[in-house]
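With the hints as constraints, model all of the structure from the sequences given.
Top line first, the protein sequences correspond to chains A and B. Quick note on numbering: our numbering labels position 42 of the first sequence as 42, and the sequence is numbered without any gaps. Quick note on numbering: our numbering labels position 562 of the second sequence as 562, and the sequence is numbered without any gaps.
Keep in mind the hints are simulated off the structure, nothing from the lab. Careful: at least some of the hints might be erroneous.
As the list claims (entries may be wrong) - Not everything, but these chain B residues come out facing chain A in the computed CB check (under 8 Å):
| hint | residue |
| --- | --- |
| 1 | 362 |
| 2 | 384 |
| 3 | 510 |
Stated by the list, open to error - Label pairs and their calculated CB-CB ranges:
| hint | chain 1 | residue 1 | chain 2 | residue 2 | range |
| --- | --- | --- | --- | --- | --- |
| 4 | A | 97 | B | 437 | 52 to 60 Å |
| 5 | A | 234 | B | 499 | 52 to 60 Å |
| 6 | B | 499 | A | 266 | 44 to 52 Å |
| 7 | B | 660 | A | 156 | 31 to 39 Å |
| 8 | A | 192 | B | 582 | 54 to 62 Å |
| 9 | B | 400 | A | 234 | 33 to 41 Å |
As the list claims (entries may be wrong) - Sample of chain B residues with no beta-carbon within 12 Å of chain A, all distances over it, derived:
| hint | residue |
| --- | --- |
| 10 | 11 |
| 11 | 32 |
| 12 | 93 |
| 13 | 162 |
| 14 | 180 |
| 15 | 266 |
| 16 | 294 |
| 17 | 498 |
| 18 | 525 |
| 19 | 649 |
| 20 | 657 |
| 21 | 684 |
The beta carbon of each residue, even a glycine, is placed where N, CA and C say it ideally should be.
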Amino acid sequence: MKKIYTKPFIMKQTSGYMNKFGSIYQKNYRSNIAGVSIEDIVAKADSPVFVFDEKKIRQTYRNAQRDFSNRYPKFQFSWSYKTNYLDAICSIFHQEGSFAEVVSEFEYEKARRIGVPGNKIIYNGPFKPYNSLLIAFKENAMVHIDNFDELYEAEKAAREIGKKVKIGIRLNMDTGTYPQWSRFGFNLEDGSALNAVKRISKSESLILNGLHAHIGTFMLETNAYQMEVQKMISFMRDIQNNYNFLIEYLDFGGGFPSKNKLKGTYLPPEVSVPQISEYIEAITDVLLSELKPQEYPMVYLETGRALIDEAGYLITTIEGVKQLPHGSKSYIIDAGVNFLYTSTWYNYKCEVDRSVNGTPENTTVYGPLCMNIDVVLENVSLPPLTKGMRLILSPMGAYNVTQWMQFIRYRPAIVLITEDKKIEIIRRAEKLEDIITPERVPEHLSKFNL
Amino acid sequence: MNIIKSYLNNLLFSYSTLLFLKSRLLGLILLLTTFLNPTIATTGLIAWATTFIFSSFVGLKKNDEIASIFTYNSLLVGFGIGAIFKITYLSIIMTIGSSILTVLLTYTLFSIFATYLKLPVLNIPFALVSMLVALASVRYSALILDSFNSLNFLNLKFLPLSIHGLLSNIGVLIFLPYDIPGLIVLISLLFLSRITFGLAVFSYFIGTLILAIFKSSFTIAFSEFYAFNFILTGIAIGGIFLIPSKRSYILAMIGVIISVFILDAVSIFWSRFGIPIFTLPFNLIVLLFVYVLNSLDHERINRLIKATPEKSLIHHYNFQERFDFLLPKPFLPFNGFWNVYQAFDGEWTHKGKWKFAYDFNIVDNETSYKNEGLFLEDYYCFNKPIVCPISGYVVDCFDNYEDNQIGNVDKIHNWGNFVIIYSNFGYYTEISHLKKKSLKVKIGDQVEIGQIIASCGNSGYSPEPHIHFQIQYLQVIGSTSFKFKIPNAITKSKNFVNDGILKKNDEVSNYHFSRILYHKLQFILDDILVYQIKKGDKILKRMVLIVKMDFDGSYYFWEQATNAKLYFGTKDSCFVLYTLESQNKTYLSYIFKSIPKIPITDQGELFWEEALPLNVVPNRKPLWISSIDKKALVAKGKYHKKDEKIYGEIKVGNSIIHTEASINQQKGFDYFRVEENKTVIEFSLIEKNN
Numbered sequence: 001m002k003k004i005y006t007k008p009f010i011m012k013q014t015s016g017y018m019n020k021f022g023s024i025y026q027k028n029y030r031s032n033i034a035g036v037s038i039e040d041i042v043a044k045a046d047s048p049v050f051v052f053d054e055k056k057i058r059q060t061y062r063n064a065q066r067d068f069s070n071r072y073p074k075f076q077f078s079w080s081y082k083t084n085y086l087d088a089i090c091s092i093f094h095q096e097g098s099f100a101e102v103v104s105e106f107e108y109e110k111a112r113r114i115g116v117p118g119n120k121i122i123y124n125g126p127f128k129p130y131n132s133l134l135i136a137f138k139e140n141a142m143v144h145i146d147n148f149d150e151l152y153e154a155e156k157a158a159r160e161i162g163k164k165v166k167i168g169i170r171l172n173m174d175t176g177t178y179p180q181w182s183r184f185g186f187n188l189e190d191g192s193a194l195n196a197v198k199r200i201s202k203s204e205s206l207i208l209n210g211l212h213a214h215i216g217t218f219m220l221e222t223n224a225y226q227m228e229v230q231k232m233i234s235f236m237r238d239i240q241n242n243y244n245f246l247i248e249y250l251d252f253g254g255g256f257p258s259k260n261k262l263k264g265t266y267l268p269p270e271v272s273v274p275q276i277s278e279y280i281e282a283i284t285d286v287l288l289s290e291l292k293p294q295e296y297p298m299v300y301l302e303t304g305r306a307l308i309d310e311a312g313y314l315i316t317t318i319e320g321v322k323q324l325p326h327g328s329k330s331y332i333i334d335a336g337v338n339f340l341y342t343s344t345w346y347n348y349k350c351e352v353d354r355s356v357n358g359t360p361e362n363t364t365v366y367g368p369l370c371m372n373i374d375v376v377l378e379n380v381s382l383p384p385l386t387k388g389m390r391l392i393l394s395p396m397g398a399y400n401v402t403q404w405m406q407f408i409r410y411r412p413a414i415v416l417i418t419e420d421k422k423i424e425i426i427r428r429a430e431k432l433e434d435i436i437t438p439e440r441v442p443e444h445l446s447k448f449n450l
Numbered sequence: 001m002n003i004i005k006s007y008l009n010n011l012l013f014s015y016s017t018l019l020f021l022k023s024r025l026l027g028l029i030l031l032l033t034t035f036l037n038p039t040i041a042t043t044g045l046i047a048w049a050t051t052f053i054f055s056s057f058v059g060l061k062k063n064d065e066i067a068s069i070f071t072y073n074s075l076l077v078g079f080g081i082g083a084i085f086k087i088t089y090l091s092i093i094m095t096i097g098s099s100i101l102t103v104l105l106t107y108t109l110f111s112i113f114a115t116y117l118k119l120p121v122l123n124i125p126f127a128l129v130s131m132l133v134a135l136a137s138v139r140y141s142a143l144i145l146d147s148f149n150s151l152n153f154l155n156l157k158f159l160p161l162s163i164h165g166l167l168s169n170i171g172v173l174i175f176l177p178y179d180i181p182g183l184i185v186l187i188s189l190l191f192l193s194r195i196t197f198g199l200a201v202f203s204y205f206i207g208t209l210i211l212a213i214f215k216s217s218f219t220i221a222f223s224e225f226y227a228f229n230f231i232l233t234g235i236a237i238g239g240i241f242l243i244p245s246k247r248s249y250i251l252a253m254i255g256v257i258i259s260v261f262i263l264d265a266v267s268i269f270w271s272r273f274g275i276p277i278f279t280l281p282f283n284l285i286v287l288l289f290v291y292v293l294n295s296l297d298h299e300r301i302n303r304l305i306k307a308t309p310e311k312s313l314i315h316h317y318n319f320q321e322r323f324d325f326l327l328p329k330p331f332l333p334f335n336g337f338w339n340v341y342q343a344f345d346g347e348w349t350h351k352g353k354w355k356f357a358y359d360f361n362i363v364d365n366e367t368s369y370k371n372e373g374l375f376l377e378d379y380y381c382f383n384k385p386i387v388c389p390i391s392g393y394v395v396d397c398f399d400n401y402e403d404n405q406i407g408n409v410d411k412i413h414n415w416g417n418f419v420i421i422y423s424n425f426g427y428y429t430e431i432s433h434l435k436k437k438s439l440k441v442k443i444g445d446q447v448e449i450g451q452i453i454a455s456c457g458n459s460g461y462s463p464e465p466h467i468h469f470q471i472q473y474l475q476v477i478g479s480t481s482f483k484f485k486i487p488n489a490i491t492k493s494k495n496f497v498n499d500g501i502l503k504k505n506d507e508v509s510n511y512h513f514s515r516i517l518y519h520k521l522q523f524i525l526d527d528i529l530v531y532q533i534k535k536g537d538k539i540l541k542r543m544v545l546i547v548k549m550d551f552d553g554s555y556y557f558w559e560q561a562t563n564a565k566l567y568f569g570t571k572d573s574c575f576v577l578y579t580l581e582s583q584n585k586t587y588l589s590y591i592f593k594s595i596p597k598i599p600i601t602d603q604g605e606l607f608w609e610e611a612l613p614l615n616v617v618p619n620r621k622p623l624w625i626s627s628i629d630k631k632a633l634v635a636k637g638k639y640h641k642k643d644e645k646i647y648g649e650i651k652v653g654n655s656i657i658h659t660e661a662s663i664n665q666q667k668g669f670d671y672f673r674v675e676e677n678k679t680v681i682e683f684s685l686i687e688k689n690n
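Okay, here's the thing in structure tokens:
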């Protein structure tokens, strides 16, 4: 191969691997995803393209499911729709036995549409429109009440459909972490959770049968969950002893981190992020030591990120190479931050599609948007690359394809690499019609002459 | 009144026991028939009365079952004396004396047989006592002999020899070896129990046929006096001590054929001493068969002998086929799905006295480890909690052996770290190969089902992490293992393991017990449930069910209008309907069809099978035919629970009955729906008292 021209630069002399600057750049390239070559994927779905690995999703799910249920018997995952609500992805989780956890009427409808029965849906969120409450109650969904006003709405809805309705309440509590998510649900320490229970016990049409909490996101501390479990169990006991309620389930929410590198962290995620099994062990240890077998409640987890993030990739293509005035190098790729919501807080892993010779240097990777903020990677060590090479960014599975926005360009296709290595398009690239269909031009604006 | 009634019952049952049946009507017929010869009728009654009085005099308990064995043997002795001697005060004294002797002998033999051999006494006491009487009477010239065959007017002259032989031999059973009594008995049998009737006739002819072949004379064979032994042997093996079936009939006929030789051998030997052999061949053959089959735990051994073979058959399928009360039933000692690494009679170590054991590990994608599997931590089951399979207390445990590195075994301490727990039901469970220092219990601790007791390790004779699980009847490590069943195992495909026996590579888990469902299915005394029954669109009736308790502590739904009783309860964490008892037609059988068993679980979906009693799904063929064909006999329903609904599919002949039931949010059932032959019967809950 012809050697790529690079401008001359000065580099610190290092001898061997042991030095205070950390290890030198390892040959870090990826020629395939789940056994399918990058070029095959691009040939089928163009670039950029989001890629999901079905085998990896199933494997991660099964490992976590097995790990939990081999410790604590009554356990059920509930797939967090907001993390990734592509029909195909949700269906994989539902095939594996996961329930659905939704936080809006839209997600609720989406889950129902692909065939999740109402009683297998957990309905969370700080605002649930009255009509969606009616539907959820009729279909026996597990509704978690967030605040007193919602409690009154729920009571009204229950009265309207004329049956005794089972509900859960969301709690928030101090688990020793910062920031404390006190904006969701009823606080345990200040007594408002107990007040909610009292209020429900006075209701003719509501029955309390579940407790829910979600202490944070990307939690790096397993002890926080132990604290959460401990507090919820003792609250459950309080309720069962003092009120005529049987708590059928505890929902410990989610918040387990993935192997994504948070900006501002020093250690690589492989070192700093605990394994899912460590969270599971922490949670089940408390459950098993605190509870007697006869009183085991069902336990739900709404893990999203940790189950999907590492199964998602983004293939992008270098469309321009540029030397910046202060001397450093930059690349322009075909995917911008409008697709990559999580680029705000992650430094993605960046792999090239082939082995490239040459000394790596710190570079900036820009997106294609005509906006100054479109910086995908600020400081990434890359060997000299040329136009047309592919960069594979990961982990990409969580939040990006739900929080992405259409801006300036069409949103790209999403493909799934199946277990038998077929490339399935699970969302095609956007077309002009997709964007203009909801639009309407008033009569007086329909014509113009230039 | 009650005392007289119980005496009368005992009297009539003693008579019907002569044919192994329990029927007042048959007893009465036999009692009346004996009056054809007033002598035996009188001595019989004297013997019975003596037994009764003597038993209460020495304080024998008036337990029905045992009492009728006493009186039955005495009755036979009484008949025997009456048949040989004329009634004089001497023969009466002899009757009384020998009856008392019979009671003593029966009691002694009963104790020995029941305790040490698990055998019935049959009529051995009669056989022995009558021999004694026969021997003793040789010296008593004061006793006046009667001619045994003097009542020739009871014979029907026109009958062929073969029929005469059959009838007179059946008559011998009540010491009236004539055609007319034989005919009376045979006709009553035909009405009361066709299986017994068939066995009696077949056994007689087969036995006699063999006899005729050996003696090369049908005339001699049909005149054989002791041929009634064939009849008794056939009935006892074919229909009483075994559940009537093709196999029991074959065994009965084999028994009859063998008894031919015994009969001749014994009668030649005994006749040297001038002793009649009476029922000796029958006793010998039946006891041998029962002992051997019982020891081998033969699947068709009848563990609860009912009034007739037909009733035994029905009970067997109604009850014993559905519920096992004998084997230990521990839960699985872990949470979640584990794989059966080695089952009963396993290929590696589950042999000989340790053949009834399971090894479990965790498998994913057909391997038990991640990465290379070089380290203990790579194995999915390593360090996973082990839970207590039974309620009881810890009698022995140890956890100080090292966990072997992969591929190594500890040949000195085969059992490794272990725990032995004594069950409140009288057996021990043993779990081996636990992780070092992982025990959470100590000797003497009370433990409950599901409680964490240790972690899975790799100690002892264990090349890779797994646990060994067995049931034993001794407290010592390494004791002989015994068969057991897992009551609530489910497979990954959501199927209930119906027979409780696991096979290699089954992936199984305990199902989750649901407190909520348990509360919903707890019916308490005087709960009232009112259902409206509709057939198609037509309202049939209002059915009121009240929960009542029987004298033995079992509960039932009682339909006052028809006095039908539907027994229910909780067994092995399932809600079960035990039996339906009713004299009249009742719609309760539809409820039975819909929910014969419900696993009490909050597992979303589950599939299981359940056999249905014959009075719920009636058999189309007569019982004596279906006893030959088991498949025609047992209607099995396939059931499917999905959330709060239970769906059933019962195949009867070529048609299928579809059922559906729905569990109420608070308690009981909202509706039952049974579709049978295109008609739909629907029960809907319209009222309840709570």
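So, going through the hints one by one against the coordinates:
1. At about 6 Å, the closest approach between the beta carbon of residue 362/B and any beta carbon in chain A falls short of 8 Å, and the interface hint on this residue holds.
2. For the restraint placing residue 384/B at the interface with chain A, the shortest Cβ-Cβ distance is roughly 5 Å, inside the 8 Å limit, so the hint holds.
3. A least Cβ separation of about 7 Å between residue 510/B and chain A falls short of the 8 Å threshold, and the interface hint therefore holds.
4. For the hinted restraint 52 to 60 Å between residue 97/A and residue 437/B, the CB-CB distance of approximately 35 Å leaves it violated.
5. About 43 Å separates the C-beta atoms of residue 234/A and residue 499/B, a value inconsistent with the hinted range of 52 to 60 Å.
6. Between residue 499/B and residue 266/A, the C-beta spacing of about 59 Å breaks the proposed range 44 to 52 Å.
7. A hinted range of 31 to 39 Å for the beta carbons of residue 660/B and residue 156/A is consistent with their spacing of about 34 Å.
8. Take residue 192/A and residue 582/B: their Cβ atoms lie about 57 Å apart, and the range 54 to 62 Å holds.
9. The supplied range of 33 to 41 Å is met by residue 400/B and residue 234/A, whose beta-carbon atoms lie about 35 Å from each other.
10. Every C-beta of chain A lies more than 12 Å from that of residue 11/B, the closest at about 53 Å, which supports listing it as non-interface.
11. In this structure residue 32/B is separated from chain A by more than 12 Å, as the shortest Cβ-Cβ distance comes to about 61 Å.
12. The beta carbon of residue 93/B is kept farther than 12 Å from every beta carbon of chain A, the shortest such distance being approximately 68 Å.
13. For residue 162/B, the shortest C-beta to C-beta distance to chain A comes to about 69 Å, beyond the 12 Å cut-off, and the non-interface label holds.
14. Under the 12 Å C-beta cut-off, the non-interface status given to residue 180/B relative to chain A holds; the minimum distance is some 68 Å.
15. With 12 Å as the threshold on Cβ separation, the claim that residue 266/B sits away from chain A holds: the shortest Cβ distance comes to roughly 62 Å.
16. The claim that residue 294/B lies off the interface holds: its Cβ sits roughly 38 Å from the closest Cβ of chain A, which is beyond the 12 Å cut-off.
17. Even its closest Cβ contact with chain A, about 21 Å, leaves residue 498/B beyond 12 Å, as expected for a residue assigned away from the interface.
18. Separation of residue 525/B from chain A is adequate, the least Cβ-Cβ distance of about 22 Å exceeding the 12 Å criterion.
19. Non-interface status of residue 649/B relative to chain A is upheld: no Cβ of that chain comes within 12 Å, the nearest being about 22 Å off.
20. Annotated as non-interface, residue 657/B keeps its C-beta farther than 12 Å from every C-beta of chain A; the closest such distance is 27 Å.
21. Every Cβ of chain A is farther than 12 Å from the Cβ of residue 684/B; the closest lies at roughly 17 Å, confirming the non-interface assignment.
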